[in-house]
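Novice: Construct all of the structure, not just a fragment, from the sequences and the given hints.
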Amino acid sequence: MNIDNIRNDFPILHQEVFGHPLVYLDNAATTQKPQCVIDAIRQYYEKDNSNIHRGVHSLSERATKDYEAARETIRNFFNAKSTKEVIFTRGTTESINLVASSWGGANIGKDDEILITHMEHHSNIVPWQMLCERTGAKLKVIPMNEAGELDLAAYAELLSERTKLVGIVHMSNALGTINPIADMIKQAHQVGARVLIDGAQAAAHMATDLQALDVDFYATSAHKMYGPTGVGVLIAKEELLNAMPPYQGGGDMILMVTFERTQYNELPHKFEAGTPNIAGVIGFGEALKYISNIGFSAIEKREKELLDYATKKAQSFAGLRQIGTAKDKACVLSFVLDGVHPHDLGTILDREGVAIRAGHHCAMPVMQFYKVPATARASFSIYNTEAEVDALFTALEKARDMFA
Amino acid sequence: MFSLGDLYKEVIIDHTKAPRNFGKLEPCSHDAEGFNPLCGDQLHVYLQIDDNNIIEDVKFEGQGCSISTASASLMTQILKGKSVANFNTMFSAFHDMATADMDDKPDEDVLGKLAVLAGVKEFPSRIKCATLCWHTVKSAIEDAGQPAKTE
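Chains A and B, in that order, are what the protein sequence lines are. Per the working numbering, residue 1 is the first one in the first sequence, and the count goes up by one each step. Per the working numbering, residue 1001 is the first one in the second sequence, and the count goes up by one each step.
One or more hints might be untrue.
To be verified - With a straight-line Cα cutoff of 27 Å, these simulated DSS-like cross-link-like pairs (lysine-lysine) come out:
#1 Lys186/A x Lys327/A
#2 Lys140/A x Lys186/A
#3 Lys1138/B x Lys1082/B
#4 Lys1017/B x Lys371/A
#5 Lys398/A x Lys1009/B
#6 Lys140/A x Lys110/A
#7 Lys371/A x Lys1024/B
#8 Lys398/A x Lys1017/B
#9 Lys371/A x Lys312/A
Quick caveat, the hints were computed from the structure, so don't treat them as lab data. Owing to the predicted nature of the structure, the values given are computational and were not obtained by experimental measurement.
Specialist: As structure tokens, then:
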């Protein structure tokens, strides 16, 4: 893997911020886009733009073909059984809301329990809270330890025949923890619960084989895997999707509409009401091809090197406390620095050209667990370098000195 | 271009490290909480306002970044002994200063040493840090009963 070649694939990286080379370390919020993704979106708007699934003219046929080809690319990437199981959404958040609303509305009652982990993103907390408010079901939380690892003994205790759904984040955006989802899914299935995996943070960093994992519902977003914003996917077992009522009504999700009744379309179209983000889906497919061309074995090896390098530096940096030290983690260095609030760090680092995230990372319960209002988070990607990690720590020294 | 030093002036660092009037005021006539949902800043302000609408005492507690802490600290110093009408004038002047065009000079007659915070206007994501305490006092005085938000 040649980092220079990879960096050259990303035009945005070659710029200065306040007179310093941009050091983009906010990849957990969103990754940058390679030229091939930008070109695919541009090609669609310049050559093929038209609505899909309805026109008989050439442009519409080309657009439909590319849109559906992206669905197959995504199916193959995650090893889903069939493209009928691949539903395009606006992103992970909408995918989870779709499940909570449609499947949850049909399957959750007042004596049921929904189990989530302490390290979920708000998008895998709030839709379930809303469902519990509507149905009277109970939301329970799998605790974690100080390192940011789930307490699996407690998980086993919490599972019961009342558990109807377990929602687990594959990789925590706030801590970097990779959760042992394979075992957790098996355990959930033993009590008859369905499992939803939030793959938003993990999907760009490790291979996810949905059939091998036997995942019931899987949600992720294109923009965290080098694709465009505003598009994501819900991949779910066909028999579940078939039994679920539609989420939104409208065009493209119907076979026949009269004022008396409507016959819904086949999967996956039943869950794709309205004109979708066609360019976004095409860009999403292109982004997954980009990842596949590099390959996860090279990606994982490189990203581990980089995280190890950054972690070593963090451990010897006076006054720095790492938040999230799980044995199994990837690409995220979350921390607080004595005497400097993360928000101030964000501003000071920005003036050195270093982009990090400061805040609660949409995971406020994680902040409450560590009793911090916020953390600073540097998150890495395949195009980051050791020199950029050095720039981060040089900027941190400057921040520490300002408040010394 | 504004430099970091325009934002993190010595006075601000000093108030961050040793915030004035920090803690709970008991008893107090008015209090309110303020949140900045963007970054997790939390603030609680307490005021003792007498029958003549004079702010006899004011304190704050909570956790936040340097700008929000220093802004609250400076605010409490300046509000002591001022009338509620004075507060309203200063609230407007402070708000104007934080959101003004680059070339506009802050109204130092009204703001006094609060003008040290004028640099925030160059840092758009930090303006709310500086104004949170002012919004919180406003909601305490108006007895809104709702936490103040910067949104």
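Novice: Each hint needs a verdict: does it hold in this structure or not?
Specialist: Evaluated hints:
1. Between Lys186/A and Lys327/A the alpha-carbon distance is near 22 Å, which keeps this suggested pair within the 27 Å criterion.
2. For the suggested pair Lys140/A and Lys186/A, the alpha carbons sit about 19 Å apart, so the restraint of at most 27 Å is met.
3. For the proposed pair Lys1138/B and Lys1082/B, the alpha carbon gap of about 14 Å is at most 27 Å, so the pair holds.
4. Using a Cα cut-off of 27 Å, the hinted pair Lys1017/B and Lys371/A holds, with the two alpha carbons roughly 20 Å apart.
5. Pair hint Lys398/A plus Lys1009/B holds up; C-alpha atoms about 15 Å apart against a cutoff of 27 Å.
6. Restraint check: the Cα-Cα separation between Lys140/A and Lys110/A comes to about 14 Å, which is no more than 27 Å; the hinted pair holds.
7. Pair hint Lys371/A plus Lys1024/B holds up; C-alpha atoms about 20 Å apart against a cutoff of 27 Å.
8. Simply put, Lys398/A and Lys1017/B have alpha-carbon atoms about 17 Å apart, close enough for the 27 Å limit, and the pair holds.
9. Between Lys371/A and Lys312/A the CA atoms are separated by roughly 24 Å; this keeps the pair inside 27 Å, and the hint holds.
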